[in-house]
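As they're listed, the protein sequences go chains U and F. Note that the working numbering numbers the first sequence so that position 62 is 62, with each residue one more than the last. Note that the working numbering numbers the second sequence so that position 44 is 531, with each residue one more than the last.
Simulated from the structure, these hints should not be mistaken for laboratory data. Be careful, since some hints might not be right.
Claimed, not checked - Footprint (simulated), chain U over chain F, 3 or more residues, beta carbon under 8 Å: (1) 492 to 499; (2) 504 to 516; (3) 561 to 569.
Remember, it's a predicted structure, so these values are computed and weren't measured experimentally. The C-beta atom is built at its ideal place from N, Cα and C for all residues, glycine as well.
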Amino acid sequence: MYQLRAVDLHKKFLSGELSAVEITSYFLKRIDTFDPQVGSFLEVFHEKALARAKQLDEKKARGEKLGRLAGVPVGIKDNIHVKGELTTCASKFLTNYKAPFDATVTKLIEKEDGIVLGKLNMDEFAMGSSTENSALKKTRNPWNLECVPGGSSGGSTAAVAARLCPLSLGTDTGGSVRQPASFCGVVGFKPTYGRVSRFGLVAFGSSLDQIGPIATCSEDIGMIMEVLGAHDRHDATSLPDAAQDYHFDPSHSLEGKKLGVPYKFLEGLNPEAEKCYKDSLKVMQDLGCELVDIDLSILKYAISTYYILATAEASTNLARFDGIRYGVRAEGDSLEEIYTHSRTQGFGHEVKMRILLGTYVLSSSTQDAFYKKAMKVRAKIIEQFDHVFQSCDLIATPVSPIACFPAGAIQDPLEMYLQDIYTIGVNLAKLPAISSPSGFNDDGKPYGFQIIGPRRTDVQVCQAAFAHERMTPFAKKIPPQFDKEAV
Amino acid sequence: MSDFNRETVSTLARLCRLDLSEEEERLCFDEMTRVVDYVHLLDEVDVSDISPYSHFIEQSIDSLREDEIKETLTREEFLANAPDVVGGMIRVPSVMKQEN
């Protein structure tokens, strides 16, 4: 059953071939058996998930209308609220914090009869690119247990790669869905900013954050996007659009589509990354795409812009963690001491560093040189993307310049940030983009191919990835250690 | 090139209500110095023609709702996460100090 996609599980549930209890207990058993090696889940809802599955089977037996995710197990990143369950953000600060309400995405999944299996590990407050910044757990890459799964949604991508759940939710502020999807050989989608409601997501960089799904194929991404991608009045930045239809037609042609390739921007790519990327470009050409050379030289400034804006927003968002109203309160004789001790003991190093940086770039003496400047450069980046999309329909780049790396191999924060070069511009420009598996290096580590579209072209981006996947064998590959039944 | 120094880090830490050990402060200083030097790359971009808020164009006034009263969390639901509660309120150390 683990080889089945979410769309297949849903069909088999509807046809009566599999019951919701069978599906749920099957994946719970896989988690119990394999997750001790992977470390992707922070919490597994054994009883609750089975109880929901039982209700769903009863609902089906009564002949009631079933939801669009009926019978599909879903894992959720631990910065998204599931009412009554812990939302830790993988931080010591929130180890006691129980979500007082459901995030809109959680509500939608449950309304459509999806079954939430548990909460997934991440970099603390989603700050990181390897999931090593989790204060609670180490997550390993199912393709190579010595290596990191990428981040910050490393738990979400590792769980799907090891087939512990067919679908999961991550969040993407600068590449945090796409880069770990690339590292773990699965499909990760970052929707247009505002497409999926952020209500009930713990904020990191509010103008950049977007919830996105992770799966083993684009059809599963489309299936859940049809549920999640709707306007939500609880999120002021939610797009006013109704949910879109992600129909995947195998005969859908990319004939005549112009695919932008920023050749200049890709100089210096390592040979194995370049090979996977060029192979994928060839596939797109075979599908009928015309490759167009585009100029995205402005992206030279994307990392600087991002790390100014994201840390500025993070330092503001994280100011609310004072140990007074929620979270772990440290001892202190005065309010001042409680604030300081709680924050000092509750936050990990990377989080502290980003709060300091964000406060620095916002301080009155530097604001013009950093924050305000970065806001303007962001506007320029958006302009250049808009301009480029006048001459092409979609853009293709690698997801990451490197494959997954051994735990502990990158210690320096700046070196870690520089790996985000291909993903970060997408968040700054609020675009939809997908990571589609595009091959393996000689060590068997996966690479991802990124397809980017103009704002609001979420469906077209996923359809292009679908076409790419149908022509390549990579998305169907399962990490050998987990390509077996749980016993 | 910048006037970013150890003193800056300790001032920032105080403003952010973070108590850094000597060792942590040194590490933060080293790491932040590299990041700050790197982001100075933006100095070379000409933005004289750009309004800083131009990327908000997509935001429409339609997304603002009517100002109507809606049910939110109850007091009990909110206080369930509070670290120290007394009589339906959050307890904190006394703020007013007695003058002698």
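>> So, against the hints stated earlier in the document, which numbers end up violated here?
In response: Every hint satisfied by this model.
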